[in-house]
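Undergrad: Residues per chain, in single letters:
Number of protein chains: 2
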Amino acid sequence: MGNATQDIENLIELMAKLPGLGPRSARRAVLHMIKKRALIMTPLADVLSEVAVTARECLNCGNVGTSDICDICEADKRATGELCVVEDVADLWAMERAGGFKGRYHVLGGTLSALDAVGPDDLQIPKLRDRVAAEGITEVILALNATVDGQTTAHYIADELEGSGVTVTTLAQGVPIGGELDYLDDGTISAALKARKSF
Amino acid sequence: MGNATQDIENLIELMAKLPGLGPRSARRAVLHMIKKRALIMTPLADVLSEVAVTARECLNCGNVGTSDICDICEADKRATGELCVVEDVADLWAMERAGGFKGRYHVLGGTLSALDAVGPDDLQIPKLRDRVAAEGITEVILALNATVDGQTTAHYIADELEGSGVTVTTLAQGVPIGGELDYLDDGTISAALKARKSF
Numbered sequence: 005m006g007n008a009t010q011d012i013e014n015l016i017e018l019m020a021k022l023p024g025l026g027p028r029s030a031r032r033a034v035l036h037m038i039k040k041r042a043l044i045m046t047p048l049a050d051v052l053s054e055v056a057v058t059a060r061e062c063l064n065c066g067n068v069g070t071s072d073i074c075d076i077c078e079a080d081k082r083a084t085g086e087l088c089v090v091e092d093v094a095d096l097w098a099m100e101r102a103g104g105f106k107g108r109y110h111v112l113g114g115t116l117s118a119l120d121a122v123g124p125d126d127l128q129i130p131k132l133r134d135r136v137a138a139e140g141i142t143e144v145i146l147a148l149n150a151t152v153d154g155q156t157t158a159h160y161i162a163d164e165l166e167g168s169g170v171t172v173t174t175l176a177q178g179v180p181i182g183g184e185l186d187y188l189d190d191g192t193i194s195a196a197l198k199a200r201k202s203f
Numbered sequence: 005m006g007n008a009t010q011d012i013e014n015l016i017e018l019m020a021k022l023p024g025l026g027p028r029s030a031r032r033a034v035l036h037m038i039k040k041r042a043l044i045m046t047p048l049a050d051v052l053s054e055v056a057v058t059a060r061e062c063l064n065c066g067n068v069g070t071s072d073i074c075d076i077c078e079a080d081k082r083a084t085g086e087l088c089v090v091e092d093v094a095d096l097w098a099m100e101r102a103g104g105f106k107g108r109y110h111v112l113g114g115t116l117s118a119l120d121a122v123g124p125d126d127l128q129i130p131k132l133r134d135r136v137a138a139e140g141i142t143e144v145i146l147a148l149n150a151t152v153d154g155q156t157t158a159h160y161i162a163d164e165l166e167g168s169g170v171t172v173t174t175l176a177q178g179v180p181i182g183g184e185l186d187y188l189d190d191g192t193i194s195a196a197l198k199a200r201k202s203f
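Residue numbers (this note's numbering), protein chains in the order written: chain A, 5 to 203; chain B, 5 to 203.
Just so you know, the hints here were simulated from the structure itself, not pulled from any lab data.
Errors might be hidden in some of the hints.
Which copy is meant is left open, because identical chains are indistinguishable; a pair holds if it fits in one copy or across any two.
Here are the simulated DSBU-like cross-link-like pairs (lysine-lysine), alpha carbons at most 35 Å apart as the crow flies [to be verified]:
(1) Lys201 x Lys81
(2) Lys106 x Lys39
(3) Lys198 x Lys39
(4) Lys39 x Lys131
(5) Lys40 x Lys106
(6) Lys81 x Lys40
All values reported here derive from a predicted model rather than from experimental measurement.
Bound-form chain A, shown alone (with noise of 0.2 Å):
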């Protein structure tokens, strides 16, 4: 880093540990920020020390915000009776962005995952349960990603939840919006073959 002094130096260290981002594109953020300090950096700094109080996950559902329970969780609204689960926490943003859900969420924090010796207990699941019970769900949505892991984890909720009575369900797979049969992998065509509707 040459001469930079020691601050900057350590700016560009910790802003390398982010992801997306290496030492070199690092140093570039670091330099566009200081040039644009009252525009970028500033405001990135208070709203940084902001968040790094006040950010919390909520305690019902993971989701991440500023207070114990999340704005989700707290709208009387979104009281459907419908719980979607997620991996993580970008992928309840990620719904949240596609719109169309009006229920609630369930943050796993991960999937199953043998290799990694991550079971059930090293997940929300346990917690799912109670509020599969305690909060009148009556429809479960499995918004988990379509890897191996994800759908084992699918599965694994599925088994738990048979017998409580609320319905499980997960998301449709098929062709993407927008998406050329030609690019897509073979296992995608064939889940949508499989999967076909009368048109």
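For this one, chain A is given, so just place chain B on it according to the hints.
TA: Okay, now just chain B, sitting in the frame of chain A:
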């Protein structure tokens, strides 16, 4: 961003303005920071607040640091009479990382560009002339990027300094260390051939 409360949304928006980050990677970075609060977020907030106040450009060379005159300009032992001219601070840092240069720097703040209407007075070229006279400079090393604008600027500066008594040199062009000929562009190969040396 769904229900992330306002502060978190602001944080994501500001992060997304950094070069190399978009909305998606900014969200990932923010979630990562929140998960690693003690390790990344709190220290980052502290050092960012610090740097947002203390960062400044060296009044002499244009390097970024936390004092009015940067460490390099302050260091007596770097008054070697050699002045290395670079486009911007990132290039200065790259030179320092490479090591080997013991003189001082001069940051132009860009390159001449007819297209973007950048003339000599928009850059630190008048200042460069002053420093050459005032600091007893004997050699000006042009370490500008090997782009059309960089080389145009180099020629302009060389013309400007003609008659001032300083030697003007430029970085050698040739095959980069570890470079494979088959992957190099034709311009580099012919420049390296023209500048061939006895073995």
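Undergrad: Reference check for the pair Lys201 and Lys81, CA-CA at most 35 Å: within, between, both, or neither?
TA: within (32 Å within a copy, 78 Å between copies)
Undergrad: Quick one: Lys39 to Lys131, C-alpha cut-off 35 Å, is that within a copy, between copies, both, or neither?
TA: Result: close only across copies, 20 Å inter versus 47 Å intra.
Undergrad: Pop the pair Lys40 and Lys106 into one bin, within, between, both or neither, using alpha-carbon distances up to 35 Å.
TA: Close across copies (30 Å), not inside one copy (40 Å); limit 35 Å.
Undergrad: For Lys106 vs Lys39, is the C-alpha pair at or below 35 Å within one copy, between two copies, both, or neither?
TA: between (43 Å within a copy, 27 Å between copies)
Undergrad: Between the shortest in-copy and the shortest cross-copy C-alpha distance, which are at most 35 Å for Lys81 and Lys40: within, between, both, or neither?
TA: Between. Shortest inter-copy distance 33 Å satisfies the 35 Å Cα cut-off; intra-copy 42 Å does not.
Undergrad: Within, between, both or neither: how does the pair Lys198, Lys39 come out at a Cα-Cα threshold of 35 Å?
TA: neither (55 Å within a copy, 40 Å between copies)
Hint compliance for this structure: hint 3 is the single one not met.
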